[in-house]
Amino acid sequence: MKMKDMSAVILAGIMTLTMTACGSRGSSSGADSQNNSAAAETEAASMTEEPESTSKDGGYKILLASYDQSIYPGLEQKGVEAACEELGMEVTVQSPATYPDLASQVQIIETAAADGVDAIIVHPVDSEGICDTLQKAADQGIAVFVIDTQTADETGTLGFYGSNNYNLGVEAAQQMAEALNGKGEVAILAGNEAALAHYTRRDGMLDTFKEKYPDISVVDVQYDNVDALKANQMASAFILTYPNLNGMMCTGEVGLSGILSAVDEADKAGAYTIVGFDSGAATNQAIKDGSIIGSVMQSPYQMGYLSAKAAYDYLHDGREPEEYVNDTGLLFVTKDNIDTEEAQNVMYE
Amino acid sequence: MIKAANLDNIRAAVKRLGIVIIVFIAVCAFFGVLLPTFFTMANIQNILLTVSITGTLALGMTFAVISGGYDLSMGCGLTLSGVISGYLMTILGAPDAAAILASLVFGLVLGFANGFMITKMKLPPFIATLGSMMLCKGLSLIISEGKVYAVSASEHPVYTGLVKGSVIGNIPNAIVLFVIFAVISHLILTRTVFGKYVFAIGSNEEAVKLSGIDADKYRIYVYIAAGLCTGIGGILMAARLTSVQPGLGSGYEMDAIAATVLGGTPLSGGEGSILGTVLGVLTLTILLNGMRLMGIDTNWQTVMTGAVVVAAVFIDALKNKR
Chain Y
1 MKMKDMSAVI LAGIMTLTMT ACGSRGSSSG ADSQNNSAAA ETEAASMTEE
51 PESTSKDGGY KILLASYDQS IYPGLEQKGV EAACEELGME VTVQSPATYP
101 DLASQVQIIE TAAADGVDAI IVHPVDSEGI CDTLQKAADQ GIAVFVIDTQ
151 TADETGTLGF YGSNNYNLGV EAAQQMAEAL NGKGEVAILA GNEAALAHYT
201 RRDGMLDTFK EKYPDISVVD VQYDNVDALK ANQMASAFIL TYPNLNGMMC
251 TGEVGLSGIL SAVDEADKAG AYTIVGFDSG AATNQAIKDG SIIGSVMQSP
301 YQMGYLSAKA AYDYLHDGRE PEEYVNDTGL LFVTKDNIDT EEAQNVMYE
Chain S
1 MIKAANLDNI RAAVKRLGIV IIVFIAVCAF FGVLLPTFFT MANIQNILLT
51 VSITGTLALG MTFAVISGGY DLSMGCGLTL SGVISGYLMT ILGAPDAAAI
101 LASLVFGLVL GFANGFMITK MKLPPFIATL GSMMLCKGLS LIISEGKVYA
151 VSASEHPVYT GLVKGSVIGN IPNAIVLFVI FAVISHLILT RTVFGKYVFA
201 IGSNEEAVKL SGIDADKYRI YVYIAAGLCT GIGGILMAAR LTSVQPGLGS
251 GYEMDAIAAT VLGGTPLSGG EGSILGTVLG VLTLTILLNG MRLMGIDTNW
301 QTVMTGAVVV AAVFIDALKN KR
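Which chain is which? The protein sequence lines are Y and S, in order.
Going by my numbering, the first sequence opens with residue 1, and the numbers climb by one from there.
Going by my numbering, the second sequence opens with residue 1, and the numbers climb by one from there.
Think of the hints as simulated: they come from the structure by calculation, not from any bench.
Beta carbons: idealized from backbone N, C-alpha and C, even for Gly.
Keep in mind that a hint or two might mislead.
What the hints assert, rightly or not - Partial selection, computed: residues in chain Y whose CB lies under 8 Å from chain S:
{"#": "1", "residue": "Ser236"}
{"#": "2", "residue": "Glu253"}
{"#": "3", "residue": "Asp264"}
{"#": "4", "residue": "Gly280"}
To be verified - In silico lysine-lysine, DSS-like type, Cα no more than 27 Å apart, as pairs:
{"#": "5", "chain 1": "S", "residue 1": "Lys164", "chain 2": "Y", "residue 2": "Lys268"}
{"#": "6", "chain 1": "Y", "residue 1": "Lys212", "chain 2": "Y", "residue 2": "Lys183"}
{"#": "7", "chain 1": "Y", "residue 1": "Lys288", "chain 2": "Y", "residue 2": "Lys335"}
{"#": "8", "chain 1": "Y", "residue 1": "Lys288", "chain 2": "S", "residue 2": "Lys209"}
{"#": "9", "chain 1": "S", "residue 1": "Lys122", "chain 2": "S", "residue 2": "Lys209"}
Just chain Y, same shape as in the assembly (with noise of 0.2 Å):
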């Protein structure tokens, strides 16, 4: 009895550290490691002050809240610490463990405003369930600024930071079209169907295909929620469905190894034209190989450090960005381009 008490104990303890561990990527750097209830009481006291005249000068704490824990919001990691580096900044980094986890994310931010952070930077899992809680959060004085993926709404928000995705759409569709010389079928997998950043870059690859290129038509949008068996089993769909099929697009990493492995299953390498997104070890090897044409690259980079420097000119100084949005640009890395300094600069691994 009582070793099966202690036993359930022990596992409780475990298994609650163990999800703390994995609930969240946590890392803290910065010029002061500050001693987070000495904090808290300052943040108290500054939360109360209008926010344009906060006395602090510098250690600001920003908390980085991205939408998981995989490579790309490593690279926005990197970004905003870079930021926080030069500017005397405090950063932790706080990400869901698995995609898409709306409810993780809304707990980390409300956790975060509790503990008085000055600025939030979020890359959103969802576009509108994330809304209230930014809105919570700025009413309570603290500065809330968007990486990626745009918020439906703006209010409670002082910027963004991040990818045109429609822009980014259109690019990919365009890069389809000319290699396919305007004409033929296409079939697009578009990742999460209720992400903003997915659905925008369909539309933008929707849209170019039906107002520039007539003689292509897209017979079919399908939507992997980012999972790459599903991914492989909607591609290999595509293959067989569709026998006059003559190229592939999609929205994000996950959706193209889908693709490759299922063209490989099918034995149709070099059949279909691939146009990819993002990058990763599996992107780059398809791009200097050949098997795509090449792919539709963000900086996440920038993105992070941007707005992160955004958020100390609010902090130190009251100013808000000039614009709302901020384009941190796209490049289409092919194996043409793909040793230039630029395109070194948004790859990773």
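Fit chain S to the supplied structure of chain Y, relying on the hints for placement.
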């Protein structure tokens, strides 16, 4: 007493197989008639490749369920198994064989840990395997740092060859391997003493213990077997997708349970069959594949799959009440 339990098992298994056979034939006929691409070699190969991976998990789950338990750690365990392989090959530059061995050993260790928690620490299978599931989930992300490892066929021919190579004619190895695993599982369950004890423990653990048999030991073996299946599953998944996705895998244990139950192995334990599970996995995979080819929305696919499982098990239960 054990012999009698076995005979009843066989009779019950045949009765239960009735439903899954009917559903299996039904889905094959339905999609075969509606979709011209359904019975093509390419599609059949696709279905069988998927079955090889999820089916391997289901084989292990069958052992666990017959013994009166289940293993919730299979999904995330599959992910961690893949991550371990990926890490060894990509970061440490280890040879393919070493990565395969490491993932297998991981599976055995995971299985042993589950078995130990359930028998010696007396934790219910739900808690024990839930705990190990979370451990695997967290460790996958910690080790991989969120990175997706690329496992290209050119750089890792042995590893990817496990799935994509063809030792027998044109049949992908993964399918051959799965058939072998299924046959071995069946033989173990039906022809060995261990197998008999698995059924016995599932029907009446107290009686087994009173007979002087070390039920704990055999239960640990059951979970080791399940863990081994998890380890293998991770290897096959990574090889098939030529990449290791640290965020993938969660939920696969549920598919394995669904296939096991659909195949006539009740969660209450004590009866079941490998053949039933194999048919269950085939049926569910065909169902999903057919719906996808028909262009049905992904979310409705999930709803339909759930409905089929519930309906089949319900009808089954009705049949047995008579």
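Status of the hint placing Glu253 of chain Y at chain S (closest C-beta pair under 8 Å): Since the shortest Cβ distance to chain S is 7 Å, the answer is holds.
Restraint outcome when Gly280 of chain Y is required to lie within 8 Å of chain S by C-beta distance: 6 Å, holds
If you draw a straight line from the CA of Lys212 of chain Y to the CA of Lys183 of chain Y, is it 27 Å or shorter? Given pair Lys212 of chain Y, Lys183 of chain Y holds - Cα atoms ~11 Å apart, limit 27 Å.
Does Lys209 of chain S lie within 27 Å of Lys288 of chain Y when you go C-alpha to C-alpha? Violated, because 62 Å separates the two Cα atoms, which is more than 27 Å.
Given the proposed pairing of Lys164 of chain S with Lys268 of chain Y, does the C-alpha separation stay at or below 27 Å? With Cα atoms ~14 Å apart, Lys164 of chain S and Lys268 of chain Y stay inside 27 Å; holds.
Take the C-alpha atoms of Lys288 of chain Y and Lys335 of chain Y, compute the straight-line distance between them, and say whether it is at most 27 Å. 5 Å, holds
Taking the least C-beta to C-beta distance, is Asp264 of chain Y closer than 8 Å to chain S? With a closest approach of 7 Å, the Asp264 of chain Y hint holds.
Does Ser236 of chain Y pass the interface check with chain S, least Cβ-Cβ distance below 8 Å? 5 Å, holds
Taking 27 Å as the top limit, are the C-alpha atoms of Lys122 of chain S and Lys209 of chain S close enough? Measuring from Cα to Cα gives roughly 15 Å; hence the hint holds.
Of the numbered hints stated above, the single one contradicted by the structure is hint 8.
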